[in-house]
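Trainee: Here's the letter readout for the chains.
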Amino acid sequence: MIGYVARRLFLLVPILLGMTVIAFAVSRAIPTDPVVAALGQQAADHPAIVAAYRHHWGLDQPLPMQYLTYVKNLLHGDLSDSIYTHRPVTQDLRSYMPATIELATATILLSTILSVPLGIVAAVTRGTTPDLIVRLVTLVGVAMPIFWLALAALDVFYLHLGIAPAPGRLNPTDAPPPNVTGMYTVDSLIAGNMKTFWDAVSHLALPALIMATWSTGTLTRMTRTSMLSVLPQGFLRMVRSKGATELHTVLGHAAPNALIPVVTVVGLAYGDLLTGVILIETIFGWPGIGHYAYEAAIYADFPAIMGVTLVFGVIYTIVNLCVDLVYAALDPRIRAAMISGRR
Amino acid sequence: MNGGRTGDLLVVNDLHVAVGGGAGAIEVVRGVSFRLGSGEVLGLVGESGSGKTMTVSAIPRLLPSGAKVTGGTVCFKGEDLLGVPRQRLSEVRGKEISMVFQDSLTSLDPIMRVGPQVREPLVLHRLAGRRAATLTAQQELHRLGIPDPGRAMMRYPHEFSGGMRQRAVIATALIAAPPLVIADEPTTALDATVQAQILDLLGRLNRELGVAVILISHDLAVVSEISKTVAVMYAGRFVEFGPTRDLLAQPRHPYTRALLQSMPSPDVPKTRRLAAIPGEPPLAGALPSGCPFHPRCPYAAEICRSAEPPLEPVGHSLVSCWFAKDGSLPAAPKETVTSTVRVLAPDVSETVEPESPAPDAILSLEHVTRHFLMPNRLPFTAPAHVHALDDVSLTVRRGQVLGIAGESGCGKTTLGRCALRLLDVDSGRIRFMGRDITRTGGEDLRQLRRYMQPIFQDPYASLNPRSPIGDSVGEPLIAFGVAHDERKRRVREVLDFVGLGARYAAHLPHELSGGQRQRVGIARAIALNPELIVADEPISALDVSVQAQIINLFKDMQREFHLALIFISHDLRVVRHLSTHIAIMFLGQVVEHGPSEVVCSRPLHPYTAALLSSVPAVLGAAPRERIVLSGDPPSPSAPPSGCRFRTRCRFAQAVCAQTPPELHEVEAGRAVACHFPLSGGG
Amino acid sequence: MSSLPAHPAAAARRGLMFARQDPQMTIALAIIVAWLVAIAGAGLFTRGGPIAEDIDVLLQAPSAAHPFGTDQLGRDVLRRVLYGGQASLPAAVVVVCIGLAVGTALGAAAGYLGGAVDEVVMRVTDMVLAFPVLVLAMAVAAALGASLSHGVVALAAVWWPQYVRVCRGLVLDLREKEYVVASRASGRLPLHTLYLVIMPNVLPALLVMAAIDVGRAILYFATLSFLGLGAKPPQPEWGAMVSSGVDVMDQWWVATFPGLAILSLVFAFNLLGDSIRDALDPWLGGRR
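Protein chains in written order, with the numbering used here: chain A, 69 to 411; chain B, 130 to 811; chain C, 9 to 296.
Derived by calculation from the structure, the hints in this document are not laboratory data.
Ideal placement from N, C-alpha and C gives every residue a C-beta, glycine not left out.
Watch out, some of these pointers could steer you wrong.
Stated by the list, open to error - Quick list of simulated restraints, FRET-style, between CB atoms:
1. A:Leu393 x C:Glu127: 22 to 30 Å
2. A:Pro132 x C:Pro198: 31 to 39 Å
3. B:His636 x C:Arg285: 24 to 32 Å
Please work from the sequences and hints to get the whole structure.
Mentor: Written out as structure tokens, the structure reads:
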């Protein structure tokens, strides 16, 4: 297994390199002058700044050399400066990251808890009313423009009903807990401040719930499909022939088999999640990378956009790697194939 | 049959099972009755769709969803299982009645270790605690001949071979010591030598433990090995039911009789066509009127078409035939299976005796080796090899049929594909019609395909689902530019030859039965009048009663076209009947090679002898000593040193582990690869 | 071979029977057809263009004159929703078609030719697939500058790799099928085997996938526009319209109707995809 993990990490290198190629290609494919795009119109009017920039990024050299310079700067954590915040993009990303991770994790937890039982119930009751309801709801979920749902929810629950707290991560009166992880829920627990913890949770609930519409829909549907493909399998007949009850057959044997492939979908759902983050953070004033990305897009802050893209790509790749590893660890057949190097 | 004697373990009375509901319900079991005493073995034989699996699944109420019992009773120890609540059913299953299913790979939970699965019945029925159950499971695995049961318990099903898995399944079925075990085709998915082991095991368990067994198979020979009573099912009913010996020696139902006669056996001269049953088994939804067998029955009379005969006692048996009552069937009518042969190939005018010497070699393989690499994506590690073919040399001449026999994984399919140049070889040479074609490629190779054609195993996968039959058959003709009119004529001609008729040209594959599709496959192969045909397991996917038809068609084809045929099969009975020469393969190598009758009657290699003895004998006329090989075939990726067969060979000596035996000629045209060949005789 | 209905009455009868057999697909098709008609006939059903402003009727609630109300500039929301579909739907279809064409060609080449072609195509595909689709599309759109056509280009640029994966997988699978080996063994030219035997069996699956993807493309395109990276105001586009409704949350109709438009159309495409899959794979179907 360790060998397999090493092998997968080794294979990560070309993929990450490839991602930088794509990011580089996109940043050079701009129809406008890359210097103007990277520095903003104001700075681009100063010849000295432009010259320094050109030198730093090797723009006076041929394209392959430019790419090498780009990678070299990248390895030093240099993603250029944001036009809008005037700070290094890397620094911005680092400060916004914890809020996003907090939101994303809450979302994935929420949708997993919701979708596994729903999917199992739908599969077992296939063709009857409970199945129909689950399928309808999840189908609406995956078709939902969540930016629209978020607006509606904010309008109803905050503006009209006053149930939900105002946008943001905490009430303005609360001071953030001492910074450990940057995630307020975790940090407030560490500090033992339950009031702040509940405040943080109440602020987290609505955005996480809205964001979970997509991933819950996807995961429930996948759980159902997977269960349906397991239910007719011969080994369940064998289990019944041993004298097992239907409950034991479904929960003890069918569900564990069905849920393993669902793990891989969690990885794919994470891609949707990163997209959702951009929308939801913007609407809920959640100071994370998604919000940062939105502002970058609005203000044509090109260095910031490329930074976010690259970071999201890396997160997505690593999540999918972890998913593959978990999948391998759970399924003995895959595990065997991977260890012997057949995959 | 009604009422239940005391002492009967199981009494099934007038059982009816239907699939689907409402007006569209199709009756798949139409009134089955039998009784089974403690410790008895009942064999249940029938083709696919005959209702045998549905019958036994209904006993512990494990019918697939959509099927349900529509009538009758199933009394187990005096209790009607069809009426008991679900909870009582859970108590009976596994503890009183357990089941062994056909495919051992799908019978076991793939992500659970074997041990917990084997002990599960004990745990579920609270017969033992986890620890005690584990110990019992270990003992059970040990009794079933699984080496090192302690470690085996910790492994996953996919780490077991097919034979080992089936043993684990049987262990699970037996662990709670139920009085009745139902085994549904328990050996069908296994290799011949492993099948022999499992059958032996079932017989032994019945004798030693007194477990009653219901054994289901499509193969009458398999069932007759261990059952004292046999029931033959056709179209959802028993057509004959009686003591095995009587049923085999004097079959009273025409279907039973035809099944026995249609089996290739050494007693049928090679020159004779098999007495095949015409037609195909009926679909459950569209049974013929009267006796469902009448359209295929040579004795059918008016009454057979109008009324279904009841199951009535005749001698010691029960038979469902209007003509069985008189003691025996009417005298067999004259040969009803007329030959479909019409002279097609203009250059062959006289029929040639298959055995006659035909000098020109069509294809010869010389020291052909082909390994497969397990794809390995990490650099700097040695990839694993699978030895699919290792130094194989064979020749097939015009008019010869070279049979290739061996168990799964022996490389026979790879051999066929290499011979047709559908796969490249690593080393060695392939000569075809005097030309070295080992490395021929591109257009040259394409031109060669005119002279060599394949026939595939799976008649469902080998036809393009979107092409009408005529297009599939005509594909080789298009490839070589045969003009439209000529092509249509030729397609008609070959479709006629294979007994389908030109009207099938417009049909799509899914409208045809398995047997018909295989006929299409043959028609397509002969369309270009090739010199060489390689047929890979062409009959193993077909129903028993249809197999003989296709075997006959191969015989006709051979007589008509006088080509060189390579016939690959795991079934030595069929290979022996059809081939002029036989090559026995084991783990990528030819271990014995020679004229088929000589090889089969006087095997020299211990593996050949074991393979021959593992063929279930129907009549058991001469009770032979059964050679049951120990263990499983070794892995093709790590073959044993020296002689590859030595780990399963009872004659193995020290030298066998060191020096691989050469394939050497022992008499004219006869070669064997063994240090200690048998002295002749079986 | 499919038989054509003999005359209109028979066709209608068959249609009715179909609707009873597969209500799911019927509902999906009904919604999609209704939208197609409404979008195509936007000019017929409503008077005035989508960007005609009217300061007399700013932010009016839904009424008989303006069933969906009016927005900040007094534009009729219903009219803008219908015209908005003229941007969303064609954009999504174009994105999917480009993706399908490019992806199928590359996937077929990679799967059938194998070797170096396969390596190169799949490496590039994997790289693009390593990004979440919409995130990379955002970057491309931002690089190109926001506009409707740039949004289409951006989505198309990241859309094709999924089809490469699927197409290659299907081709690889089919290449080993006995009937394809049989075709090769019959002496057919390899290209003929690819065109005439493999691709006809690959394309239906890809077309089903593409049909379902139209829904996803609509959703993604609306999302791009919502973020200001697709269609720009005053051009009507559903995502952009929701975005402009953010400023006037109390006038719920401004954002609600374009949102419902997205939801209903995407839902219909997903339902269509589900029912096609059910029809093709009876085991996974919801009905018996």
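Trainee: Against this structure, judge whether each hint is valid.
Mentor: Comparing the hints with the structure gives:
Under the hint 22 to 30 Å, the C-beta atoms of Leu393 (chain A) and Glu127 (chain C), about 25 Å apart, fit the expected range. At roughly 37 Å, the beta-carbon separation of Pro132 (chain A) and Pro198 (chain C) lies within the given 31 to 39 Å, and the hint holds. Between His636 (chain B) and Arg285 (chain C) the beta carbons are some 28 Å apart, a value that agrees with the proposed interval 24 to 32 Å.
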